[in-house]
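There are 2 protein chains.
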Amino acid sequence: MLKSALLLIDVQKGFDSPLWGQRNNPEAESNITALLAEWRKHGAPIIHVKHCSVSSQLPLHPDQPGNAFKDEAAPISGEPEFTKSVNSAFIGTGLEDYLHENDLGSLVIVGLTTDHCVSTSTRMAGNLGFDVTLVSDATATFDRKDAGGEHISAEDMHRVNLASLNGEFCVVKTTNEILKAIN
Amino acid sequence: MLKSALLLIDVQKGFDSPLWGQRNNPEAESNITALLAEWRKHGAPIIHVKHCSVSSQLPLHPDQPGNAFKDEAAPISGEPEFTKSVNSAFIGTGLEDYLHENDLGSLVIVGLTTDHCVSTSTRMAGNLGFDVTLVSDATATFDRKDAGGEHISAEDMHRVNLASLNGEFCVVKTTNEILKAIN
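If you're matching them up, the sequences are chains X and U in order. Start counting the first sequence at 1; every next residue gets the next number (the working numbering). Start counting the second sequence at 1; every next residue gets the next number (the working numbering).
With the rest of the complex left out, here is chain X (with noise of 0.2 angstroms):
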């Protein structure tokens, strides 16, 4: 497992903006944590993705204090990121070249948000040939509307779209499944 290149996917302060919405999974964060201590520990490969929105107007653009990683999951030396405009960590980004480069042919990713971002970078990861895991209480989203404007949970949200993506791109663990398997 720590041969896995851990993939933290925009883990921003500009996340905890009402704008979004309401999330589900408050532990998200603390779970990241505790996957990205095991990694250091190890000295096993850590990388980092930073999301800058286009728009001035959005809490992740570069401009906005959001647009800075969350504290406790703040890149440290030695530690390399890459930063994206789209949903996608591999559009735009070097980060399939450093993989490969690297010799890093599978990852465990982690971040937000589910079916967003992170579902669209692991997507992209499977299809592009890395073997991947995906830490389903290590990340999280938000409610959103469904096409006659139905109110969907950020619960369901997250759970449906971890089934979309689980046996197909990926395969889904908790977090005590990797600090398990590792120790």
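Hints are computed from structural coordinates only; laboratory data are not their basis. There may be inaccurate statements among the hints.
As the list claims (entries may be wrong) - Some residues of chain X that are not near chain U, with every Cβ distance over 12 angstroms (derived):
hint: 1; residue: THR33
hint: 2; residue: ASP63
hint: 3; residue: PHE69
hint: 4; residue: ASP137
hint: 5; residue: ALA147
hint: 6; residue: LEU179
To be verified - DSS-like mimics (lysine-lysine), calculated; alpha carbons at most 30 angstroms apart, straight line:
hint: 7; chain 1: X; residue 1: LYS145; chain 2: U; residue 2: LYS145
hint: 8; chain 1: U; residue 1: LYS145; chain 2: X; residue 2: LYS173
hint: 9; chain 1: X; residue 1: LYS70; chain 2: X; residue 2: LYS180
hint: 10; chain 1: X; residue 1: LYS3; chain 2: X; residue 2: LYS13
hint: 11; chain 1: U; residue 1: LYS50; chain 2: U; residue 2: LYS70
hint: 12; chain 1: U; residue 1: LYS173; chain 2: X; residue 2: LYS145
hint: 13; chain 1: X; residue 1: LYS41; chain 2: X; residue 2: LYS145
hint: 14; chain 1: U; residue 1: LYS180; chain 2: U; residue 2: LYS70
hint: 15; chain 1: X; residue 1: LYS145; chain 2: U; residue 2: LYS180
hint: 16; chain 1: X; residue 1: LYS180; chain 2: U; residue 2: LYS145
hint: 17; chain 1: U; residue 1: LYS50; chain 2: U; residue 2: LYS180
hint: 18; chain 1: U; residue 1: LYS145; chain 2: U; residue 2: LYS70
hint: 19; chain 1: U; residue 1: LYS180; chain 2: U; residue 2: LYS41
hint: 20; chain 1: X; residue 1: LYS180; chain 2: X; residue 2: LYS145
hint: 21; chain 1: X; residue 1: LYS3; chain 2: X; residue 2: LYS41
Remember, predicted model here, so these are calculated numbers, not experimental data. Cβ atoms here follow ideal geometry from the backbone N, Cα and C, with glycine treated the same way.
Using the hints provided, position chain U relative to the given structure of chain X.
Okay, now just chain U, sitting in the frame of chain X:
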């Protein structure tokens, strides 16, 4: 609308196999056919994508009869066809180059399945800068299980996945909305 290319994803016989589970939206094919007829009537651009599974046991493998396009959505002379072996129509194909070379900046996407190949292709199309309309009732998917083994109906898989895509990667419209906008 007719300047957009109609992109048909994996409208293949193999999706009639019971292997995939219970499907929603049995009208997807008749809606696809209605859009296809309209695009052909106006000589508007049409592109077919065919999935070629790598495993010879799967219904969409090139050696299986299910690899064939459904009769009602099969390409006619002059309509380009791209083959793929992963979910995204943009990975391992010449589709992105073809769209740029033919000055096609917008797409109307239909086909199978909502949450696997259609969602992945829609996400990549949007992230690559194309303007995408996804036709909600001209796509369909199958029931799945969540991480806890709980059943999720095909209609719920479909509805929630469209909610994740709408407004972020594409605009979701119905077949009738598109036909009305044209006529």
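Original post:
Looking back at the numbered hints, which does the structure fail to meet, lowest number first?
Top reply: When the structure is compared with the hints, numbers 4, 5, 13, 20 turn out to be violated.
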